[in-house]
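In the order they appear, the protein sequences are chains A and B. Counting in the working numbering, the first sequence runs without a single skipped number right up to 192 at its last residue. Counting in the working numbering, the second sequence runs without a single skipped number right up to 909 at its last residue.
Since the hints were derived computationally from the structure, they do not count as laboratory data. There's no promise every hint is true.
What the hints assert, rightly or not - Each computed SDA-like pair below joins lysine to any residue, with the alpha-carbon atoms no more than 20 angstroms apart:
no., chain 1, residue 1, chain 2, residue 2
1, B, K373, A, M44
2, A, K140, B, G268
3, B, K373, A, S17
4, B, K373, A, I165
5, B, K243, B, I253
6, B, K373, A, E80
7, A, K140, B, E262
8, B, K261, A, G141
9, B, K195, B, T582
10, B, K890, B, G869
11, A, K4, B, V233
12, B, K370, A, E115
13, B, K373, A, T164
14, B, K203, B, A855
15, B, K261, A, Y138
16, B, K373, A, R172
17, A, K140, B, G259
18, B, K370, A, R172
Stated by the list, open to error - Residues from chain A shown here face chain B by an in silico Cβ test under 7 angstroms; the list is partial:
no., residue
19, T95
20, Y138
21, Y146
22, S151
23, R155
24, I159
Small disclaimer: the values here were computed from a predicted structure and weren't measured. C-beta: ideal position from N, C-alpha, C; glycine also.
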Amino acid sequence: MNRKLWNQFKERVLNLSGEVLYAEDKKEVGELISRLISQYPNPMVGVAVSPLIEESGVVELVEKSGGIIDRISGGEPVREFKIGISEMDLGIAQTGSLVQDATDLGKRLVSMLPEIHIALLRGENIVPCLQDALDHFYRKGIPPGYIAFISGPSRTADIERVLTIGVHGPERLVVIVLNERGEGTKRGKKRV
Amino acid sequence: MAKKEFKSQIKKALDDPLLRNALGRFGETYPQSRENIFEGVSFPELREKMKAVKIEALSQIDELAAGFKEQAEARGAVVFPAKTGEEALQYIWELAQKHRVKTIVKSKSMASEEIHLNKFLIDRGVEVVETDLGEWIIQQAGQKPSHMVMPAIHMSKEQVAELFTKSLGKEVPAEIPKLVKVARGELRRKFLAAEMGISGANIAVAETGTMVIFTNEGNGRLTATLPPIHVVLVGYEKLVPRFSDIDNVAQLLPRSATAQNITSYITMITGAVPTYQRETGELGKKELHIILLDNGRFDLAKDSVFREAYQCLRCGACLNVCPAYQLVGGHVYGHIYCGGIGSILTAFFHSYSDADNLQSLCMQCRRCVETCPGGIDIPKLVFELRRRLTEKRNLPFTQRFIFQQVLSNRRRFHSALRIAVKVQSPLTKGTPYIRHLPLLFSPLTEFRSLPALARKPFRDCFKEMEQKVKKPKGDIAFFAGCMIDFVYPEIGEAVVQFLNKKGFKAVFPEEQNCCGAPAAYSGDLETGKELARQNIEAFFSTEVKYIVSACPTCTDFLAKKYAEMFPDEPEWREKAEAIAKKTIDFVKLASILGTGKQTKPRGKKKGQVTYHTSCHLKRTMEIYDEPRKVLKEAGFDVIEMKETDNCCGLAGSYAVKFPEISAPILERKLNNIEETGVDLVAVDCPGCLLQLRGGLDKRNSRIKAKHTAQILAEGRA
Ligand code: SF4
Ligand code: SF4
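Pulled out of the complex, with its shape left as it was, chain B reads as follows (with noise of 0.2 angstroms):
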């Protein structure tokens, strides 16, 4: 899909009320009820279990598969290895031909839509009916799943009845039971009519030859059992060594798909079992053939990043904790798998550009990690999916311009930088915005204000500070980034009165730059290791107990993805680990040295203040309780906000490519503030900082937000 069209796609989502309606409840409630069905499991041990079955599982793949088939061979199966889509597509069909087949019952297979077999048998005159309810509503509307586990969530109910009317002929009130009840009579008489059932299968167990197969409908035994042919499309990441390994994924799967304990029905086959014959009445064999559906999982298998996505169950619940996903549902992205590891499949399944709009979606908030029952770390992989991309097709010129020629150049950006700074003023009449920061540069005011470039930056403010300390403790090292450096200096001052306070003076190295977040996020990762270069020289060097920094992304940096970025640069690596070690982030710092007197409220309570918690601090830097123990050391209550740890929005430069989506994500955010009835709020991430900022000014709102920093350098004078 062009860029163009992709963002008229996502338009269209987000105009569309009852999609939005439909999946905001949708996102405000399954965190909640995802949480209770996991009370008193331990999801950490089981997920470890669920990795470990997994990873196992793909070092032996090709043994599994030859333990599979012999099994379920032995049993009266046909297992069919299909190296691509085409090769399934042509097994079924000359299955279909052989056996005369008019009608196919199928229950809901991703792998089924993921190789277009519904549109290649009809095209060759055989009807097709889904038989989930969701997938036979779209089926009829002619439309596409709106959302992965609930296809339909975009449709009302007088829409289905209209619908159900036009296609049945006959008048169908628009009330849930009823339409729920006409689809069965309708579909109960397809399934005695059809001459073949499809579907996929949730587990195939190696030393068994079992398949598993979880419906809450019933659909998937009716397709089972029904008709005489049964064909099962499954791909080879469904493999489990053993049949024990049913009950990880039975524990994880319907808990984390759509938060129940166990789904209706758990139906397992091991191979053909007795049914009707059609023409003869008489009971016989089945026929069962299954297919074992390669199409790219092999290489996706073979990548030493992207195999981390082999241990996807497909259970959706990254989906219904992204903030991107949640807002614009499944017909954006277009393709069959959705969301962040939607991009991944679909690179090695389709094709990377089909994955490229995909990807872009994805604002890195971590939100799906904590959820995922497989492990995996879907933001890294997009992360590595991008700067693949980027390698293959170039960053859009200015971009890189910025990224290559100025960035990573430290005089030439912090020249650009300053003069910015004296020519913004003129063009916005004294309120000047900060257009020409290169990380966030961008005209769009539309839903937040945006701040000017500070007059000063800090490394200049910080020249003329004096630092008065008592007893020195010794030195810390601070990290400013190029939001503190050159947006939010006061917040660098904050920082540095506060070590001065705890008896520590601040040493600013120089020759730092920016940490290389954006060029490395936007996949440009070259110019990323250029800079850490830098930051590793300039810190290297100093004799500190820490190095501090007060903006999450730029600690997350220093402290984990600058080693991580030079695998066979060992003389780097081993530098960048020495500085990880002494890299803390500010709230951190402040929890640990916060303790003594000096910050113990004296007396009377400071006031009321909410914390909204950044991604990063949160789900990189696993930072949640610090600031409130800090918060409420330093005489605070804290009145903890709905959806603390929901994303604000900004996400670095996703604000300015995806305006549309940011805006609604930052509204839902303030709403969650002001509910609070606090008229303070408290984050530690400069970028945050920004957003909220905004909006609020924006809304002309009376509620103030403040850096962390600033609120206990404040709470001390």
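Just chain A, with the same shape it has in the complex (with noise of 0.2 angstroms):
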């Protein structure tokens, strides 16, 4: 992970209204989502299935700390969920943006419909600009069929031009960023 676009990204998302946290192994990062969870009474959790979701073994630690697990993967009927648990592909330094291909229907309802998203980034994928994640995406010549960009909480000022979090999406995005090899960070604070 480059130090220089993680702090930025930092920053950014930081300066985005959205929480930041940050872990060295996948355990971690299954330590991580349980605190969070367990700051909810039995909260309904939507979860979209991926490898590192999978690996960091989010299933059975959202069952262990009190959570309902909804595995999203599609032709289940849509549900309320309290917290939505996904891995985004990218990350953009340069504006704190979450990048994703959501074209699998529960991608894009575990970061859309519920109050809290935990969203998972590999810090190796933070990209400078969004141009890179354009060319990401457009490297064979066909875009998926629906990209995410998702730059900090729902937000709205249409009222007194008052700034309000979590309008029709998520009112906490946090991103916890998986530094596996440990390289370029100092061990960001925790703040959960």
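Two chains, two frames, some hints: make the complex.
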């Protein structure tokens, strides 16, 4: 993970009223998730399955920490989740954005329906700018069906121009950045 | 809308304290936030790129549309090119019937407002729910948006709470976070129930068939995802050739619209993606319908002048800085598209007559040009629209008479003025007002005093001036313009004195007349051209290094507009270009000549001065630092006022047509002047001077307003 990009990314996410957590291995990712979930009483949790999610044992952890799991992979009726967990493909340092090929319905739903969205991101997937993300998805000349760029929680200023967080999408966005090799970064202070 | 109704709309907006406050505060904060958010990014570079992309797109509009259709359909969408709004409505209606749609969720789309989609569907028994919070609020209130980006800016949280309480039948407290929560809950139910979602799109990429939607609230994503049918209504102007062009728009749009680096969500949809089928609960393919809307856009694209409007991103930045829009907001503009650019779009998407009131509110201050990410010269387009409208309907008789019979005949014009000087005194008991000067005559003295016509016009004073020039360096011709010639000859005298001091003799070609701006800005380009010819003739034969004018509007006409007026008359164009090369505004000339010893401060400071930056000086001639430099050299401390380049509200005859808008603009300017604590304000435009002096006089202010030429002349005395 590039330290400069990570620092910029973190600062931007915080500026957008998002939260950033740092983990050095998958076990730690699991611990952070458990702690987040335990802040809510028996929350309904939706998980969009992806390799990192599986490897971090998220599903078991959620169950253990009192969450009621709904493994989203499509084909089930839309549910109202309290918390959604999914893995993001890219982070953008310049804007603090998360980017995801969200053609899979489950991936879309867990980041748009719940009040809290926990987004996992591999540190090495942080790219400098938006153009890099566009290039990434355009590599084969055929962009995926649905690309989601998420920058901070959902917001509005429609009443009296007062900035208010959490309209139609999540009011809390927590990004967990996994830096497995632990390179380039001092351990960030954890805020949960 | 009839003129009378229009005037009463203006009054209503101005009398609404909530709206005034909200728009005012926004107008004050937006320019700074915008500047901050563009820090470290080159706006001019991005704008040039954007412009190039849009121009390219325009030149291949048919190919791009065909490419887009092919790509999107290959990915499972259905693309329907709609020639008219009616065709688009029918298409949506048939689709809704086929799928027995009862509820539709919508995420904000200007194109759908343009074709009055909601009313059309509601009339046919479909429930249509706007899901953008602001739009939902005004939908329930049965009102129209008062602002393009913040549709409910005119409502207080108390009013919103009352509205929610009434429409939901349960008590809702007037706290913004609670109101937002309530809206979330209510609208979520609609999202889950709706069978169809309708949205717009900010970009349509031809090479991939991708559509890009920018939102902050997240309603766009839900609209596109939850209902099994998604209809996207998108105008042809949204087409760009390449996927990589998205970046350019993404850099400019959120920054311009709301001064954000990026919106919370950017959604890129390429073709149909999986969705739930409502009946079966099974995962299935989405029905994605994309309507490419023409509705006048092709006519716009074909128009040699107005095609520039095709570069519009619908960001609203031009409205955010427009002095007129900042005062009255969207309700007054009445139509879907607001402000200067709105008048052009309205002319094509609706009709020329619908655009008439809109265009009349533009005071040609050029503020918007600096901020437009599409690189559109909006006032130039409004100017052209005005000309075409005038062609269609003729100016009111008195105005036409003045322009065509009096102004264009110099002798008649000048003797009329001389008579006016004689008759004005008895009428006003010794405080003669300038009611008879054709450009400004008006009984409106409510918010500022009007000056008298000078007893002796400058052309007479000039003959009596003794020009003492030691070691003459050459001649400089002086173009006075009406204001200096007939109202403020003392400014002309100051200019001549300054030139003499610098070793130049001033010449004054007698045959010069009004520069033509008032007639041209009112849409009477023919009279403007006639006056241009007279002035070109008057100055063409003078052998001088410079032609100097101390009125930026005149300078602009001589230096830029004349040459543009004769596209098909090469002889006149050449002459106009020759004149343009020599023409220079006084303050610019002063900064060129003034670096010598004569104007260096002799030890002691002269005091403090604040400077009002005239619209045309800064934004057509790009003169900004020069007056500051000149004043500093003359020994003054220049104390900058807030919003120095905001319009003073005069804008030619605007103050006469819309005194109710001009007055508050002047008030704000005067407040900013007073806030500096300085008792001298310098200005380089005689029109601004008239406006400021009148306002200060009405306030009994001790602050003096002077033309820079006068200050320089006095400064050396
Ligand atoms: S020129 Fe001035 S008044 Fe006209 S639209 Fe632009 S900002 Fe508004
Ligand atoms: S004219 Fe320019 S500033 Fe105004 S909405 Fe269009 S792109 Fe934005």
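Check each numbered hint against the structure and report the violated ones by number, ascending. none
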